[in-house]
Amino acid sequence: MFEFLSEPWAWYVAGPLIGLVVPTLLIIGNKSFGISSSLRHICASCAPANIKFFKYDWKKEVWNLYFVGGIFLGAIVATLFLNSGKPVAVNPDLARELADYGITNFNGLVPQDLFSWEKVLTLKGFLMMVVGGFLVGFGTRYAGGCTSGHAIMGLSTLQLPSLIATICFMLGGFLMANFLLPFILKL
Amino acid sequence: MKPLNETQKLETASIATPQASNSDFEVRSLDAICINESHLTHKWHHNLKYLAVGILFGIVFVKAEVVSWFRIQEMFRLQSFHMYGIIGSAVAVGAVSVWLIRKFNIKTIYGETIEFHPKTFNKGQVIGGLLFGLGWAMTGACPGPLYAQIGMGATVIAITLLSAILGTWVYGYFRDKLPH
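Protein chains in written order, with this note's numbering: chain S, 1 to 187; chain B, 1001 to 1180.
For the record, the hints were derived by calculation from the structure and aren't laboratory data.
Think of the CB as a built atom: it goes at the ideal place given N, C-alpha and C, for glycine as much as any other residue.
One or more of the hints may lead you astray.
Stated by the list, open to error - To give an idea of the interface, some chain S residues facing chain B are shown, with a C-beta separation under 7 Å as derived from the structure:
(1) L17
(2) I18
(3) R40
(4) I51
(5) T79
(6) L80
(7) G132
(8) L155
(9) M176
(10) A177
In isolation and in its complexed conformation, chain S is listed as follows (with noise of 0.2 Å):
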């Protein structure tokens, strides 16, 4: 039972179970699922500056940042305890790929080729995570939500908004994963 868990878990059973997620929210209190929010919800708590985007009551909206706080110790959990110690299984194009750019290490889920202490201040390490987090933010909030609340939530109670939102996101993604990224990875 435990290998089972500790072995990466299939799309047939993490998918229903990410998807159980709409209902659970809704009926322990009303809440429609959605991540992004939880930023906006930061920036409201400590830093308004009077911009009248953030001058709602974001306590009323606490609930949220219990969500994410949960998600954070949650990955704690699996990592401490449901971890196999294996290598992450990479499909062998993506692999030779990734080795032109001398990305190697397959240990963690987060490559530590790209993604470091000693990376951030680099051309390539501040184009990957600050870029990439300031476009994250900026983009989800000017969309209206993200992965979990357009793409899960709008979906699942049929928002032709949300299936155009996630249609874009998908496009944005392979534009960047296929011909903007090579660029990047070479720097």
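Chain B: place on chain S using the hints.
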């Protein structure tokens, strides 16, 4: 939402709190997906149930490798079905659940009716969506996985998270000047 003219502003100001809280709701629901629909107020420890759901969710995130930079690269290069399977089956389960909740008028554990709010289309879903997609393929993380990656011990992702918070703040600052 139309901007209020001067007389309306005065009227709003002169009316007591219910109006003010309504306008607060409008501002919040304008862009945020998750808005507090419950009209009940609870003690803080009621939030611990969201912490518990978050912990389980975080474990799934890590064990299913949703938080893996490699998995996101494979998804965008069509090299693996994994992420499509996860998102697809999550949406299927979510949609059936929502359908059941509506069909049988299932209430919350506090007996409230579950509310759904339709989203309205604006250009942000296209422009912002594309920008987020670019960032997603770079960082290999949407907002949820950022929290998980830090928990996994990749502490440097705190920089990415701070940058994402800054991105949200900058959006808020320029919001009125951006096309919607």
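Hint numbers not upheld by this structure, sorted from lowest to highest: 6
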